[in-house]
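Student: The residues making up each chain are set out below.
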Amino acid sequence: MTTAVQPAGGGGMGRSSGGGLADVIDTILDKGLVIDAYVRVSLVGIEVLAIDARIVIASVETYLQFAEAANRLDLTQTEEQGIPGLVKDMQEGGAKHKTRGAIEGVGEKLRDFVGDDDAERAVRRRRRQEEE
Amino acid sequence: MAAEQTHEARAQEERDVGCYVYGILPGDVELTPDAHGIQERDVDLVRHGEIAALVSEIELGTPIGRPEELTAHQRLLDDAAVEVPVLPLRFGAVLTSREAVEEELLAANHDQFLAALNEIEGRVEYILKGRYEERVLLREIIEENPEAARLREEIRDRPEELTHDARIRLGELINQAIAAKREADTQRAVQALAGHAVANALREPTHQEDAVQAAFLVETAQRSEFEKAVEELAQEWQGRVNLRLLGPMAPYDFVITPRAGA
Numbered sequence: 001m002t003t004a005v006q007p008a009g010g011g012g013m014g015r016s017s018g019g020g021l022a023d024v025i026d027t028i029l030d031k032g033l034v035i036d037a038y039v040r041v042s043l044v045g046i047e048v049l050a051i052d053a054r055i056v057i058a059s060v061e062t063y064l065q066f067a068e069a070a071n072r073l074d075l076t077q078t079e080e081q082g083i084p085g086l087v088k089d090m091q092e093g094g095a096k097h098k099t100r101g102a103i104e105g106v107g108e109k110l111r112d113f114v115g116d117d118d119a120e121r122a123v124r125r126r127r128r129q130e131e132e
Numbered sequence: 133m134a135a136e137q138t139h140e141a142r143a144q145e146e147r148d149v150g151c152y153v154y155g156i157l158p159g160d161v162e163l164t165p166d167a168h169g170i171q172e173r174d175v176d177l178v179r180h181g182e183i184a185a186l187v188s189e190i191e192l193g194t195p196i197g198r199p200e201e202l203t204a205h206q207r208l209l210d211d212a213a214v215e216v217p218v219l220p221l222r223f224g225a226v227l228t229s230r231e232a233v234e235e236e237l238l239a240a241n242h243d244q245f246l247a248a249l250n251e252i253e254g255r256v257e258y259i260l261k262g263r264y265e266e267r268v269l270l271r272e273i274i275e276e277n278p279e280a281a282r283l284r285e286e287i288r289d290r291p292e293e294l295t296h297d298a299r300i301r302l303g304e305l306i307n308q309a310i311a312a313k314r315e316a317d318t319q320r321a322v323q324a325l326a327g328h329a330v331a332n333a334l335r336e337p338t339h340q341e342d343a344v345q346a347a348f349l350v351e352t353a354q355r356s357e358f359e360k361a362v363e364e365l366a367q368e369w370q371g372r373v374n375l376r377l378l379g380p381m382a383p384y385d386f387v388i389t390p391r392a393g394a
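Just so you know, the protein sequences line up as chains A and B, in that order. Take the first sequence: its position 61, counting from 1, is numbered 61 in this note's numbering, and each next residue is one higher. Take the second sequence: its position 169, counting from 1, is numbered 301 in this note's numbering, and each next residue is one higher.
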């Protein structure tokens, strides 16, 4: 078995609902090193389903949904379109809400794993001096 | 007789415990006492030469893969990845014993694992996920595509059973247009972020309205620049694409295991 650090190709098909668990499934069931000395362990059924169903297939059903969404779309609402958005932004405390949303995700992770100096991490490097 | 059965049962139990492996780390690491893995087991290190495996005991009889187990696997690896280089294993790697981990996994692959660890030293992964805002997306497509606009007029407020063929054609056009936009927007994201990353790896879409899914390997020293660039991209796409950034995490998308004999 050889190991290389380089982009792994392909794979990654999943039906992500954007939830945290979907993100985890996409990552740890589909990516990462595979070793060939496994003891056979069975996976809980629902997660196996999640991997087996990992493909986006354009179907007649999808086409009809897109068409209906286009049908419902009101093109004359171009100007009004900004208004509900604006109200929403104000309610949520600023026009940069979406951007902040994206970055908040990082912030949480940073707080969880980096920013919080009080929290002990599961693994840390030994100081070089201690080894001697 | 009864005592003998108990003894047998205990022996059976011992055989039914395996060694779950989370990932490979450098040998010069230590664990904090409260590190827990899947099934709430204590996490431990199996060392060999200059590398170590992050492991915990696991019951072999019970299927694994419940949400809390998946989360525990990733949390432990991501937690470690911020501190030390980690080669993450795919979920579900179990060997028969600690001895098997040392001999069959660590000793057998020592030099390659060590080289890979050196390569990812000081680097972490981020995953960027973007999803189109449907109304804005459809508006763009209908404005840019005269045939889509015509078909939309044709089906407009008419019953589905009378406009079935036109609806299929319109949906197909929209689907094609989304694929083209996804490709262009993925390129745009890579162009905006690649300068702050060592490497990138595209992921396939997992939803019809995905704009981008890509992993980036980023130097620890470049993390704030990378995150700033993501923020700028999020501003550029505000209202059009909802961006999410996951990480920093272990480099799942950048370790590969070529098939034996391949």
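FYI, nobody ran anything at the bench for these hints, they're computed from the structure. Everything numeric in this text was worked out from a predicted model, so none of it was measured. Note that the Cβ used here is the ideal one computed from N, Cα and C, for glycine as well. It is possible that part of the hints are untrue.
[To be verified] With a straight-line Cα cutoff of 25 Å, these simulated SDA-like cross-link-like pairs (lysine to any residue) come out:
| no. | chain 1 | residue 1 | chain 2 | residue 2 |
| --- | --- | --- | --- | --- |
| 1 | B | Lys360 | B | Ala331 |
| 2 | B | Lys360 | A | Asp23 |
| 3 | B | Lys313 | B | Gln370 |
| 4 | B | Lys313 | A | Ala22 |
| 5 | B | Lys313 | A | Arg126 |
| 6 | B | Lys313 | B | Gly327 |
| 7 | B | Lys360 | A | Gly20 |
| 8 | B | Lys313 | A | Gln65 |
| 9 | B | Lys313 | A | Tyr63 |
| 10 | B | Lys313 | A | Arg125 |
| 11 | B | Lys313 | B | Glu336 |
| 12 | B | Lys313 | A | Glu68 |
| 13 | B | Lys313 | B | Glu275 |
| 14 | B | Lys313 | A | Arg124 |
| 15 | B | Lys313 | A | Glu61 |
| 16 | B | Lys313 | B | Glu364 |
| 17 | B | Lys313 | A | Val34 |
| 18 | B | Lys313 | A | Leu75 |
| 19 | B | Lys313 | A | Asn71 |
| 20 | B | Lys313 | B | Lys360 |
| 21 | B | Lys313 | A | Thr62 |
| 22 | B | Lys313 | A | Asp74 |
| 23 | B | Lys360 | B | Arg301 |
[Claimed, not checked] Okay, the calculated beta carbon distance ranges per label pair:
| no. | chain 1 | residue 1 | chain 2 | residue 2 | range |
| --- | --- | --- | --- | --- | --- |
| 24 | B | Glu266 | A | Arg125 | 45 to 53 Å |
| 25 | A | Leu21 | B | Asp166 | 49 to 57 Å |
| 26 | A | Asp74 | B | Glu292 | 13 to 21 Å |
Student: Each of the hints needs a verdict: does it hold here or not?
Tutor: The hints, checked one at a time:
1. Lys360(B) with Ala331(B): Within the cut-off at roughly 17 Å; holds.
2. Lys360(B) with Asp23(A): holds, 22 Å
3. Lys313(B) with Gln370(B): holds, 16 Å
4. Lys313(B) with Ala22(A): holds, 24 Å
5. Lys313(B) with Arg126(A): violated, 48 Å
6. Lys313(B) with Gly327(B): The hint holds at about 22 Å.
7. Lys360(B) with Gly20(A): holds, 23 Å
8. Lys313(B) with Gln65(A): Holds, because 19 Å separates the two Cα atoms, which is no more than 25 Å.
9. Lys313(B) with Tyr63(A): holds, 17 Å
10. Lys313(B) with Arg125(A): Not satisfied, since the Cα-Cα distance of roughly 44 Å exceeds 25 Å.
11. Lys313(B) with Glu336(B): holds, 14 Å
12. Lys313(B) with Glu68(A): Cα-Cα ~20 Å, so holds.
13. Lys313(B) with Glu275(B): holds, 14 Å
14. Lys313(B) with Arg124(A): Given that 25 Å is the threshold and the Cα spacing comes to 43 Å, the pair is violated.
15. Lys313(B) with Glu61(A): holds, 21 Å
16. Lys313(B) with Glu364(B): Distance ~19 Å between Lys313(B) and Glu364(B) Cα, so the pair holds.
17. Lys313(B) with Val34(A): Cα-Cα ~34 Å, so violated.
18. Lys313(B) with Leu75(A): Status holds; Cα separation ~20 Å.
19. Lys313(B) with Asn71(A): OK: Lys313(B) and Asn71(A) at ~21 Å, within 25 Å.
20. Lys313(B) with Lys360(B): holds, 24 Å
21. Lys313(B) with Thr62(A): Measuring from Cα to Cα gives roughly 17 Å; hence the hint holds.
22. Lys313(B) with Asp74(A): holds, 22 Å
23. Lys360(B) with Arg301(B): violated, 41 Å
24. Glu266(B) with Arg125(A): 45 to 53 Å: Holds, at about 46 Å.
25. Leu21(A) with Asp166(B): 49 to 57 Å: violated, 24 Å
26. Asp74(A) with Glu292(B): 13 to 21 Å: holds, 19 Å
Of the numbered hints given earlier, the model fails hints 5, 10, 14, 17, 23 and 25; all others are met.
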